[in-house]
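Order-wise, the sequence lines are chains A and B.
Under the working numbering, the residues of the first sequence are numbered 1 to 472, in order.
Under the working numbering, the residues of the second sequence are numbered 1 to 529, in order.
Be aware that one or more of the hints could be misleading.
Far from chain A, some chain B residues (derived; all Cβ distances over 10 Å) [claimed, not checked]:
hint, residue
1, A290
2, N299
3, R320
Listed next, the stretches of chain A that the computed footprint assigns to chain B, with coverage defined by at least 3 CB atoms under 8 Å from CB atoms of chain B [claimed, not checked]:
hint, stretch
4, 6 to 12
5, 52 to 66
6, 387 to 401
In short, the hints are calculated from the structure, not lab data.
Keep in mind it's a predicted model, so treat the numbers as computed, not measured.
Ideal Cβ positions, reconstructed from N, Cα and C, are used throughout, including at glycine.
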Amino acid sequence: MSTLIGNPLSVVNLGIDAFADPIAAAGVPVTRVQWSPPAGGDAQVVRALANLVGNPVVEDANRQAFAAYLDAEPVLEGIGIAREVIRGMGSRTLLHSGPPIGWDTMCGPMQGAVIGAAMLEGWARDAEEAREIAGRGEISFAPCHHHGAVGPMAGVISPSMPVWIVRNARHGNMTYSNLNEGLGKVLRYGANSPEVLDRLRWMASHLAPVVEAALHAIGPIELKPLMARALHMGDEMHNRNVAASGLLMKQLVLGALKAGISARDAADALEFVVGNDFFFLNVSMAACKNMLDAARGVPGSSMVTTMARNGVEFGIRVSGTGDTWFTAPAPMVEGLYFSGYTRADAARDIGDSAITETAGIGGFAMAAAPAIVQFVGGTPQLALANTMEMLHITLGQNAAFTIPQLEFAGTPAGIDVRKVVDTGILPAINTGIAHREPGVGQVGAGLTRAPAECFTHAVVALAGLVTGGAPR
Amino acid sequence: MATATRIVRGAYRDSIALMKLSAALAAMPGVEQASLVMATEGNVDLLRQTGLLTDDTDARPSDVLIVVRATSDKALAGALGEAERSLATSALAPAAHGGGPEPVAPRSTAMAIAAAPQSNLALVSVPGEYAAAEAMKALRLGLNVMLFSDGVSVEDEVAIKSLAQARNLLVMGPDCGTAIVNGVPLAFANVVRRGVIGCVGASGTGLQQITSLIDRYGQGVSHALGTGGRDLSEAVGGVSMLAGIQALAGDRGTRVLVLVSKPPAPSIARNVLAAARKIRKPTVVCFVGAEPPAAKDGNLHYARTLEDAARIATSLAARRAPARRTAARAPPFRARFARGQRCVRGLYSGGTFAYEASWLLGAALGDEVWSNAPVHKKFALRNPWTSHGHTVIDLGADEFTRGRPHPMIDHRLRNDRILREAEDPEVAVIVLDVVLGHGAHPDPSAEMVPAIRTAQAAAKRRKRQIAFVAFLCGTADDPQDLPRQEATLRDAGVVLGQSNADAIRIAAAIAKRGTAAAPSRSASKRRKA
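Using the sequences provided together with the hints, build the complete structure.
Below you can see the structure in the form of structure tokens.
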């Protein structure tokens, strides 16, 4: 028997708003949906979405995927050399951020980083030669995400670089990220001058061994508890990592002492860490990817497991659609510019760091980080509103990451492509703005939204898989 | 004369909001025509067909397309500016944030359910091309659905209804204009007293007529469930009608059932009647346009007209034998028809009213009655824009409402037609339906009376008189104030029937007497002239 007759009526009104008035006047609860055509009225998307919303196959798959994400236990195991620890990374391979891209179409900062990495690896003596070998196809390129890795901005990881190793203690999957170089002229913004390459060499020869020895001395660090504390200390671990970097630093100091590292070596390494408020960002990203990778490959699931940009395209991957990227042009970032720079200087959105939002922190946990709202051009109210809004496009909340400002509610997590398309609410991303010319560095920071087209493409593809291609 | 178009990107508005805005712009000085539409393929085509839009447009379905034709550039600029200003105050703009974050207004059915988990009915009135998708989503999310939207394909209707069956949910529609659930009027419904009579109907105005007459006869309605006009076709199989019968059979608040539809496909009719026989509650069956069996059949009571259905249901609810229908009262109207004035013209806003009227009028006059919605195809009017002989027009039919508001909301189309019918020297009687209730025009008689008076004056100049007969489908509790509506029409010389059937009886009587009386009078007049 239907639930309608003989039960108290409660109406959802969508379409003609005036129909809600007499219902409300009769004292009956009525929820007015601010309806507009999903996906700008694209008939194929509208139909695909109707096949996925409330579909039990998708609901079951999402429960499984989301539970795997929640259950993941990322631990920081140590530091390794990229070519030795990253599976399938060839000796002439450079990993980069975002979805796949070739040399010719890379944006300025990414080409700059490739040139720097080619010189760092000794494949080229100068920038000109680096351009030539890249142009001749003598370097193979692959997204970090295809090798379990993530990198901020250009995200270039070369074979000899030291990388963070994060292991999922629950499911066993491994993820990696490079070490953060700090601000200013750095490889991830496309800089490749000798000072940049010298710093990278120093990081490999001096910083990495100290950190590795320190971590070895104290044992793997559980990352979720550390990140949860950092959220309570005002970080959202995308654009603000000052608290998390400090918490990691405490451990490293103790580790360095326990490991018996010389005071001078320890001081050099830790001085670098102290001076870099973004030191934890790359660890945060590897942890986020680690949790999300646990949710990958669940047939039918509409949960987003990757959001990443290469400076040209924004791409997402979804648990139920395997390794397929759904892409759209990378958006411009709305934000504040450092003095002397304007929007005309900005590159398009770039970097794997949107993995933080995908995992429910970053822009999704903005309410926890009121101190950075001005940095990204917002207000504390906007920060709360952003986090609240993301609740409507996610599968649930992550009780491991709570937000004091929202009465310790868990952060919204597990972006559902169906909900994004059905509501038109796009994932909010806090991000830095790169100069569009290689090597200038960061010129500002701000807020952006993931492009809608990525999600509509994903909905169509997933509906094809779930319903066997036949309309139902 | 100048015409210009504007596109406002991503500014979705519902059709009624856009119609109101179009009407407001059209009323500005110097503006000839103004049209604001969501730029769907169909709407853009329509603007082309009407000649209003001549250039190419890159407007997308989620954009509002504004087209204005005005007598001067100044008027044009004024109207376009006004349109853009009205659309700029976006209904979707996030509310200004004060102390804390405002709750996000629901943008989808899933979001609405998250905000109100007790929800059990989705009232869907989105444009037709999106309606099936919204209905599917609502059903999968566990809601019953009232699908007001039309333009849903038969295939989609079948898919929607089989999903509803599998989930044990009710679907009313598509193209379900009216319903009453737990006494609550939904969409275009009358404010009807609550009672023990439950209705299931494939016809919107049929349900409105029966429920408002039940109210007028002193009984009340538990639920009135719409099924959509195609439900009782072979293709759809009467799924909603059968589900509705089951729901009311199990409802303690319902003692008497009324089933109303145009004559269903024969196999479906058998299934529906078989289901109705099983439930044991007294059930009135009204298949409008088909002569019913004379005798009652177990718990089934057959009614010939909507009025009969209401009358029989009322007596069953009151537990007394169905009262005989009172004979047609002598119409308080003295016709002075000129020679040749013999035809009845019915100008209807309600589809089922027009359908029933063409059938009843044919029977009452013993003559051919032409219609754009005839019971028998042989009486189909070739061109619905021109009447001939006795004609009954459904002005709510697709050919009249494409790109235009429904005649229950906007009386201009019918008023124009009244004036044109009055020009025709054959016309003796014009019959009009006046639908009250939620969703209908707030003051229909005020909209109609000027046209009626103009028509009467024009007839008078030609030494003719035209009888206007009307009935009001509504209750005393409807927002339009029924007694005032009746008084306004009576003051304009309109003869009022109690129901559609009553109005047709009166119209036929007047027409017959006019025909009989006319030759001598008009002959004598002609001699005088």
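### Query
How does the coverage statement for the stretch 6 to 12 of chain A fare against chain B, requiring three or more residues with Cβ below 8 Å from a Cβ of that chain?
Check passed, 7 qualifying residues.
### Query
Does B:R320 really sit off the interface, with its C-beta more than 10 Å from all C-beta atoms of chain A?
27 Å, holds
### Task
Could you check that no beta carbon of chain A comes within 10 Å of the beta carbon of B:N299?
20 Å, holds
### Message
Using C-beta distances, would you say chain B covers the stretch 52 to 66 of chain A, given that this needs three or more residues below 8 Å?
### Response
As far as the stretch 52 to 66 of chain A goes, the hint holds, because 3 residues have Cβ atoms under 8 Å from chain B.
### Query
For the stretch 387 to 401 of chain A, do at least 3 residues have a Cβ located nearer than 8 Å to some Cβ of chain B?
holds (count 3)
### Query
Looking at B:A290 again, its CB stays over 10 Å from all of chain A?
The claim stands: B:A290 keeps its Cβ more than 10 Å from every Cβ of chain A (closest is about 28 Å).
Checked against the numbered hints given earlier, this structure breaks none of them.
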